[in-house]
Structures are given as C-alpha cells and as structure tokens.
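A.B. asks: Work the whole structure out from these sequences, hints included.
Those sequence lines, one after another, are chains A and B. Once you know that position 8 of the first sequence is 8 in our numbering, the rest is easy, because the numbers rise by one and skip nothing. Each position in the second sequence, counted from 1, maps to that position plus 106 in our numbering.
If you are wondering where the hints come from, they were derived from the structure by calculation, not from laboratory data. A couple of the hints might just be wrong.
Claimed, not checked - Below, simulated SDA-like cross-link-like pairs (lysine to any residue); rule was C-alpha separation at most 20 Å, straight line:
id	chain 1	residue 1	chain 2	residue 2
1	A	42	B	346
2	A	42	B	333
3	B	115	B	306
4	A	42	B	296
5	B	191	B	361
Because the structure is a prediction, the values reported are computed rather than measured.
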Amino acid sequence: MSCRNEPKLSASDPDDFERRLNTRLEEHRARHAPPRDSGAWKLAVRYGSEFAGGVIVGAGLGYLADRFLGWTPWGLPAGVLMGFAAGVLNVVRAAQSMSRSDDASH
Amino acid sequence: MADATNPIKQFEIHSIAGIPFGDWKFDFTNSSYFMVTSVILVSLLLSLAMSRRALTPGRAQSMVEMLYEFVTAMIRSMAGDAGLKFFPFVFTLFAFILMGNMLGMLPYFPAPGFHGFTFTSHLIITFALAMSVMAVVIGYGVFRHGFKFFSLFFPSGVPWPLYFLLTPIEIISFLSRPVTLGVRLFANMLAGHILLKVFAGFVVMLGSMGAIGIAAAIAPLAMVVALTALELLVAFLQAYVFAVLTCIYLSDALEPGHH
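C.D. replies: Okay, here's the thing in structure tokens:
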C-alpha cells in the first residue's frame with residue numbers, strides 16, 4: 001500500500017521537487033561549464049602580456065622615480081629588475097589560476 | 107586604391123561633430139559614435155527581448171536569459187556568491203565589450219563614412235575600461251576592509267626583512283594588472299583586424315591583375331572567410347576573458363590576502 005503511494009507522494013512533495021530540480025540544475029551547469037582557457041595563441045598572449053605588463057610598469061615607476069625623486073640613474077635599472085620579478089610573479093599566478101580552473105572542471 | 111588596401115586605415119579616428127564647451131571644443135568622433143551605438147543597441151535589444159516576460163521564453167528572451175546565466179555562473183565560479191553583488195558591473199562591461207567587438211565585425215555600418223570601426227582596438231579605450239575595474243577593486247576593497255586591504259602587498263609567512271624586496275614587487279604586480287587587462291583586449295582586436303584587412307587587400311590587388319589574378323585571388327578570399335569566422339570567436343572570447351579577469355580581480359577586493 002505504502003509502496004504504491006510513494007511515487008505519487010514524492011511527485012507532489014515540494015521538497016522532493018526542489019531536490020530533483022537542483023540535481024537537474026547541477027547536471028546542466030556541469031554540462032554548460034564556461035569554456036576553459038586553452039589553445040596555444042591564447043596561452044602565449046596571456047603569459048606574454050602578464051610578463052610584459054610587469055616589466056613595463058616596473059620600468060615606468062623606475063623612470064618616474066628618476067625624474068621626480070632624483071634617483072638618477074638608479075631608479076630605472078632597479079625598476080626594470082623589480083618589474084621582471086613582478087612579471088614572473090604574474091606568470092606564476094596566471095599558471096596557478098589556470099591549473100586550478102582546469103582541476104575544477106575535470 | 108591605396109586607401110582600399112591600407113590595413114591601418116580602419117583604425118583612423120576622425121571628428122564627426124564638435125561640441126563647444128566654453129573655450130574648448132570636444133570632438134564627437136567615430137569612436138564615440140560607435141560606443142554610443144553599442145550602449146543604445148545593448149539596452150534596446152535587452153529591453154526588447156525581455157518586454158514580453160513570458161514564463162516560457164521565446165528565442166530572444168532565452169538568449170538574454172542565457173547571457174544572464176552565463177555571466178552569473180562565471181562570477182560564481184571566479185569570485186564566489188559574494189561576487190554576485192558586482193553582477194551589474196561585470197554584465198555591463200561584458201555586454202559593452204561584446205557589442206563593440208561584434209560591431210567591429212561589420213565591414214559597413216550606418217555611420218558617417220559608412221565603414222566599420224572597432225573601438226576596442228584602441229588602447230586608450232580598453233585601458234580606460236581596465237582602470238574603471240581597478241577603481242572599483244581599490245574603492246570597494248578600501249571601503250570594505252579599510253587598511254587591511256593593503257595586506258595584499260604584504261604576503262604572509264615571510265621573514266620581515268624580505269618585505270623591503272617583496273612589497274615593491276607586489277605593488278608593481280598589482281599596478282601591472284590594468285595594463286595587461288587593457289593590452290590583451292586591444293592587442294587581440296588590433297592584430298585580428300589588421301590580419302583580416304591584409305588578406306582582403308590581397309584579394310583586391312590580385313583581382314585588378316586580370317584573369318590569372320582573379321583565379322589566384324581565390325586563396326586569400328578563402329582565408330578571409332576562415333579568418334572572419336575566427337575573428338567572431340575571438341570577439342566573443344576576448345569579451346569573456348576581460349570579464350573573467352575582472353571577476354578574479356574583484357575577488358581580491360572581497361578577500362584580500364587570499365591567493
């Protein structure tokens with residue numbers, strides 16, 4: 001008796017509906033996950049711009065220090081070196097975040 | 107002829123109307139025209155598509171809903187549920203850039219001069235967009251966390267003398283974000299459009315060389331068709347990448363010192 005009633009009951013039970021809806025939604029989300037970063041060109045642009053950005057900003061800050069704080073000639077070389085370090089840091093972080101999003105989507 | 111095959115001509119900015127402002131004159135350029143058009147088109151399309159508000163969405167409405175879901179899922183996966191309060195900002199950026207990139211794919215457009223223009227292929231515009239992202243990140247970070255926001259520049263678990271070296275590096279790394287964010291969008295759009303125009307120029311040049319030239323022009327023409335498809339993909343992808351990186355940087359504002 002209870003066995004026969006069960007499917008009918010669960011079909012009208014709002015909690016159960018919620019649960020089934022959520023599992024379907026989860027499946028849907030997993031299937032339509034946003035595209036991952038892949039492809040050689042995109043990787044190159046990503047890493048390249050991360051690294052170049054660090055160097056450019058470092059050199060720019062060094063130049064400004066030379067110009068306005070009178071650190072000539074030490075500001076620019078120090079800035080470029082710091083910029084290289086920052087660029088490497090950027091690339092490492094980009095690689096970390098990319099491998100993390102890879103793990104999450106597998 | 108020279109104009110027709112000049113790959114850089116498409117990036118020219120010229121004034122359409124001057125707006126006098128005291129002693130100054132602001133130029134309303136073709137770039138401004140395309141940006142205004144982009145904003146109007148996005149608002150119009152979204153409000154038109156959502157005007158029926160049907161429970162079972164039609165084609166237009168489900169496209170808008172897909173866009174909404176797409177951006178929501180992106181923010182959730184990058185910045186968590188707390189990031190959703192930035193949804194309007196990220197969605198606006200995404201829609202604006204996407205529409206700008208897509209308008210750039212039209213070779214002719216009802217504009218003064220009737221030629222297409224891609225405003226995202228200008229560094230100053232992508233850089234301004236990137237700076238607005240950084241302004242939100244810094245503004246919200248300081249508003250929310252006060253001086254603790256600057257713990258971003260002091261990585262934890264390091265002996266203190268190293269801060270003299272690490273803090274400048276972290277600051278440069280932080281300052282380089284708007285540069286990379288802007289340069290990436292700009293470089294992709296610029297390179298793609300130059301490439302398209304170069305191959306299209308080959309078609310014109312070969313086509314003016316008689317029967318053999320026309321036969322030979324088939325190869326670059328096929329290339330242009332393939333590149334146009336690729337550029338459509340890039341146009342979407344770059345808008346997506348810009349929005350994703352915005353989310354990543356916003357997550358720093360939400361929880362600084364959490365790398």
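A.B. asks: Taken at face value, is the distance from the CA of residue 333 of chain B to the CA of residue 42 of chain A at most 20 Å?
C.D. replies: holds, 16 Å
A.B. asks: Run the distance test for residue 42 of chain A versus residue 296 of chain B: straight-line Cα separation, threshold 20 Å.
C.D. replies: holds, 15 Å
A.B. asks: Check the hint pairing residue 42 of chain A with residue 346 of chain B against an upper bound of 20 Å on the C-alpha distance.
C.D. replies: Within the cut-off at roughly 13 Å; holds.
A.B. asks: Can you confirm whether the C-alpha distance between residue 191 of chain B and residue 361 of chain B stays at or below 20 Å?
C.D. replies: holds, 14 Å
A.B. asks: Between residue 115 of chain B and residue 306 of chain B, is the straight-line Cα distance small enough, at 20 Å or below?
C.D. replies: OK: residue 115 of chain B and residue 306 of chain B at ~13 Å, within 20 Å.
Checked against the numbered hints given earlier, this structure breaks none of them.
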